[in-house]
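Chemist: In case you want the letters, here they are:
Number of protein chains: 2
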Amino acid sequence: MNIYSKHMQTNNIEIEQKISNNLGKIKHKIFVLSGKGGVGKSTVSANIALALIQKGYSVGLMDCDIHGPSIPKILGIEDKRPISTEKGIEPVLVSPKLKVMSMAFLLQDKDSPVIWRGPLKMAAIKQFISDFNWGDLDYLIVDLPPGTGDEPLSIAQIIPKSDGAVVVTTPQDVALLSVRKSINFVKQMNAPVIGIIENMSGFTCPHCKKTIDIFKKDGGIKTSKDFNVPFLGKIPLDPKIVESGDSGKSFMVKDSKSNTVKAFEAITEKIVKNTENRHKKEVK
Amino acid sequence: MNIYSKHMQTNNIEIEQKISNNLGKIKHKIFVLSGKGGVGKSTVSANIALALIQKGYSVGLMDCDIHGPSIPKILGIEDKRPISTEKGIEPVLVSPKLKVMSMAFLLQDKDSPVIWRGPLKMAAIKQFISDFNWGDLDYLIVDLPPGTGDEPLSIAQIIPKSDGAVVVTTPQDVALLSVRKSINFVKQMNAPVIGIIENMSGFTCPHCKKTIDIFKKDGGIKTSKDFNVPFLGKIPLDPKIVESGDSGKSFMVKDSKSNTVKAFEAITEKIVKNTENRHKKEVK
Numbered sequence: 115m116n117i118y119s120k121h122m123q124t125n126n127i128e129i130e131q132k133i134s135n136n137l138g139k140i141k142h143k144i145f146v147l148s149g150k151g152g153v154g155k156s157t158v159s160a161n162i163a164l165a166l167i168q169k170g171y172s173v174g175l176m177d178c179d180i181h182g183p184s185i186p187k188i189l190g191i192e193d194k195r196p197i198s199t200e201k202g203i204e205p206v207l208v209s210p211k212l213k214v215m216s217m218a219f220l221l222q223d224k225d226s227p228v229i230w231r232g233p234l235k236m237a238a239i240k241q242f243i244s245d246f247n248w249g250d251l252d253y254l255i256v257d258l259p260p261g262t263g264d265e266p267l268s269i270a271q272i273i274p275k276s277d278g279a280v281v282v283t284t285p286q287d288v289a290l291l292s293v294r295k296s297i298n299f300v301k302q303m304n305a306p307v308i309g310i311i312e313n314m315s316g317f318t319c320p321h322c323k324k325t326i327d328i329f330k331k332d333g334g335i336k337t338s339k340d341f342n343v344p345f346l347g348k349i350p351l352d353p354k355i356v357e358s359g360d361s362g363k364s365f366m367v368k369d370s371k372s373n374t375v376k377a378f379e380a381i382t383e384k385i386v387k388n389t390e391n392r393h394k395k396e397v398k
Numbered sequence: 115m116n117i118y119s120k121h122m123q124t125n126n127i128e129i130e131q132k133i134s135n136n137l138g139k140i141k142h143k144i145f146v147l148s149g150k151g152g153v154g155k156s157t158v159s160a161n162i163a164l165a166l167i168q169k170g171y172s173v174g175l176m177d178c179d180i181h182g183p184s185i186p187k188i189l190g191i192e193d194k195r196p197i198s199t200e201k202g203i204e205p206v207l208v209s210p211k212l213k214v215m216s217m218a219f220l221l222q223d224k225d226s227p228v229i230w231r232g233p234l235k236m237a238a239i240k241q242f243i244s245d246f247n248w249g250d251l252d253y254l255i256v257d258l259p260p261g262t263g264d265e266p267l268s269i270a271q272i273i274p275k276s277d278g279a280v281v282v283t284t285p286q287d288v289a290l291l292s293v294r295k296s297i298n299f300v301k302q303m304n305a306p307v308i309g310i311i312e313n314m315s316g317f318t319c320p321h322c323k324k325t326i327d328i329f330k331k332d333g334g335i336k337t338s339k340d341f342n343v344p345f346l347g348k349i350p351l352d353p354k355i356v357e358s359g360d361s362g363k364s365f366m367v368k369d370s371k372s373n374t375v376k377a378f379e380a381i382t383e384k385i386v387k388n389t390e391n392r393h394k395k396e397v398k
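Residue numbers (our numbering), protein chains in the order written: chain A, 115 to 398; chain B, 115 to 398.
These aren't lab readings, by the way, just hints derived from the structure by calculation. Do not rely on the hints blindly, as some may be mistaken.
Where chains are identical, the list cannot tell them apart; a pair therefore holds if satisfied intra-copy or between any two copies.
Said to hold, decoys possible - Once the Cα atoms are required to be at most 25 Å apart in a straight line, the calculated SDA-like pairs of lysine to any residue come out as:
#, residue 1, residue 2
1, LYS275, GLU390
2, LYS301, ASP225
3, LYS132, LEU267
4, LYS211, GLN286
5, LYS330, GLY190
6, LYS301, GLY316
7, LYS323, MET236
8, LYS339, GLU357
9, LYS330, TRP248
10, LYS240, ASP340
11, LYS194, GLN286
12, LYS141, LYS330
13, LYS331, GLU192
14, LYS336, LEU221
15, LYS394, PRO353
16, LYS201, ARG392
17, LYS139, ASN304
18, LYS240, ILE326
19, LYS387, ASP332
20, LYS384, ASP193
21, LYS339, ASP225
22, LYS211, ASP225
Computed from a predicted model, the values in this text were never measured in an experiment.
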C-alpha cells in the first residue's frame, strides 16, 4: 500500500469523516453480490456500470473482490493505475463518466495471490473510499467479494445507507442454495434486496440456433417468488461475453443489438426505477 | 457447534495431538482448490472421490467450503448428519468406502449464511479432523474454500504433509488469472501442485452434436506449460453433471459410459499414479 503512503491516514476518526464526506456526494450506492463465485458477478457489475453511463449517469465502479479482482481485465484497463495528485488519488477513468478502482491496481504482480489478514484488507477498502476522489456521482457500484462470509459483510458495513444489493445467480439449484443465503445475508446487512439477476440463463447453439438450458432454467424467478424480492431479469449464456470479458472490450459497446445487451439494458432500467423511487420516498 | 459439545476439546495441545494421530492413519491427503468460485471445484472433488472408491480405495471427503458447502447436495446426503458415538463422531457414510464431512451438516438452516469470524471457522475445521473417526483411509480429499485468501491458507496449514493440490479451472482467461494465483498459492503452502484440471471445457450441442467452446479452450494446458506443472485433463461442460449435482444422484454411477465419466476416470488415474509415486519415493 505504500505507493499511496502520501495520502494514507492513520487517524481513525479522520478516516471515518472522509468516508462519510465522500459517500455523501454519491446519490445511489448499490452492492452487487453472489452467494458463490463464478456466476458472473463482475461481468454483471461492469455491464450495469456501462449501461448506466449510456443512460447519461455518472458512475463509480469499486471492485472489492480482494482475491480475484477481474474488473480491470473485463474493462481492458489492466495496465492503468490510479494517479496520486495533490487533491488525493484519482480513480482510473474508463470514460469521462466512469471511474474505476480495483484491488488489482494495488498488486505488483497479477499472478500473486493476496494473502492479507482481515484488518489489512478492510484498511485497503476503506482507503478506496476515504482517499480517492470519486467526486459527485449518480451511482457507485460496489462489486463485493463472492460469498456470504465475514469479508463481504465487513465491506458492506463500511458503506452504510446503501440503496441495497443486487444478487447475481445462475439458474441451477446448487447455485441457488447460495442465493438463499445471499438474500438472508442482505437482510442482515439491513439493506433492501434490489432484485435477483439470473445469469448464464439459456444458451443458443450458434450452429443450429436451438436453445439449451445448460444450467437449467428459472431458478432465479422461483427464488425471487419464494423470498418475495424483485426479479430483475435473465442474461443468456453468451460466448461473446466471455470473449469480450477476456479481450477487455466492453460488451455493451461491442455488440449493441444482441439479446444480451438488451437484457442488460432492461435490467439496468429496473435498477434505476427501483433506486429512484426509493430516493424520492426518502426525500419526501 | 454445541451439538458436538460432548466431544469438543478445549486443550490446544490435545487437539493438535489428535489431529496428528488421525492424519497419521490417512495415506494420501489431497487438496482441491480453485482461484475463484463457480468453476466446479466441489463437483470435481465429489467425482474424484467416487472414482477412487470405484478403484477400490477407501476415501474421506472433507467439504471445507465454509460459506458455500455443496458436497452434501451433490451427493444427495443433505438430510444426513454425523453421528456422535462413545468413540467420537462418525462422518456420514455415503458408501462403505466413502466417508463425508461438510460444514453444511453444522448449519441449522440451509438458507442461513455462515458469518463466523476467522478463529471460529478454523476451530470448526480442526474439529473435523480431531474429533471425527476417519479411521484408516487411502485418500482424504479436502475441498477447500474457493480463492487464494487467508481462509484456504489457514485450512491448508491445519493439514501438513499433504500429497499436494489439484487446481480446478475453466478455460477462459479471466478464470485463468486466478489459476496463476492458485499455483503460486500452492507453492506458498510448500505443497506440490499435483496438476491442473480444465473443467467446463467444450460443450456438445445435444441437438446438432457440434462442439462449442463456450468458455474458450485450452487455457488450462497453456497455464500448466507456462508454470511447468502437470495437466490432468479436461472435463466437458455437460448438462448431465448439473442435473446430477442438483438431484444428488452421483454422476459417476448414473452415466457410466459418457465422455465426462471417462474424463474423471482418466484424471483420477493420473492423480493415483502421481501420489503413489511420491509415496514410494518417500518410503525409500
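Chemist: Compare the structure with each hint and give your call.
Modeler: Outcome of the hint check:
1. LYS275 to GLU390: Intra 14 Å, inter 56 Å, cutoff 25 Å: intra-copy only.
2. LYS301 to ASP225: between (35 Å within a copy, 12 Å between copies)
3. LYS132 to LEU267: within (21 Å within a copy, 34 Å between copies)
4. LYS211 to GLN286: Neither. Shortest intra-copy (36 Å) and inter-copy (29 Å) distances fail the 25 Å Cα cut-off.
5. LYS330 to GLY190: between (31 Å within a copy, 18 Å between copies)
6. LYS301 to GLY316: Classified as neither; 29 Å inside a copy, 38 Å across copies.
7. LYS323 to MET236: neither (47 Å within a copy, 49 Å between copies)
8. LYS339 to GLU357: Answer is between; shortest inter-copy Cα gap is 22 Å, intra-copy 33 Å.
9. LYS330 to TRP248: neither (40 Å within a copy, 36 Å between copies)
10. LYS240 to ASP340: Neither: 35 Å inside a chain and 36 Å across chains, both beyond 25 Å.
11. LYS194 to GLN286: Answer is between; shortest inter-copy Cα gap is 22 Å, intra-copy 37 Å.
12. LYS141 to LYS330: The answer is neither: 37 Å in one copy and 39 Å across copies each exceed 25 Å.
13. LYS331 to GLU192: between (34 Å within a copy, 22 Å between copies)
14. LYS336 to LEU221: This pair counts as between: shortest inter-copy Cα distance 23 Å, intra-copy 40 Å.
15. LYS394 to PRO353: neither (39 Å within a copy, 45 Å between copies)
16. LYS201 to ARG392: neither (33 Å within a copy, 57 Å between copies)
17. LYS139 to ASN304: within (22 Å within a copy, 47 Å between copies)
18. LYS240 to ILE326: neither (43 Å within a copy, 43 Å between copies)
19. LYS387 to ASP332: Classified as within: same-chain Cα gap 23 Å, cross-chain 42 Å, threshold 25 Å.
20. LYS384 to ASP193: neither (33 Å within a copy, 38 Å between copies)
21. LYS339 to ASP225: between (41 Å within a copy, 15 Å between copies)
22. LYS211 to ASP225: For LYS211 and ASP225, neither the intra-copy (30 Å) nor the inter-copy (39 Å) Cα distance is at most 25 Å.
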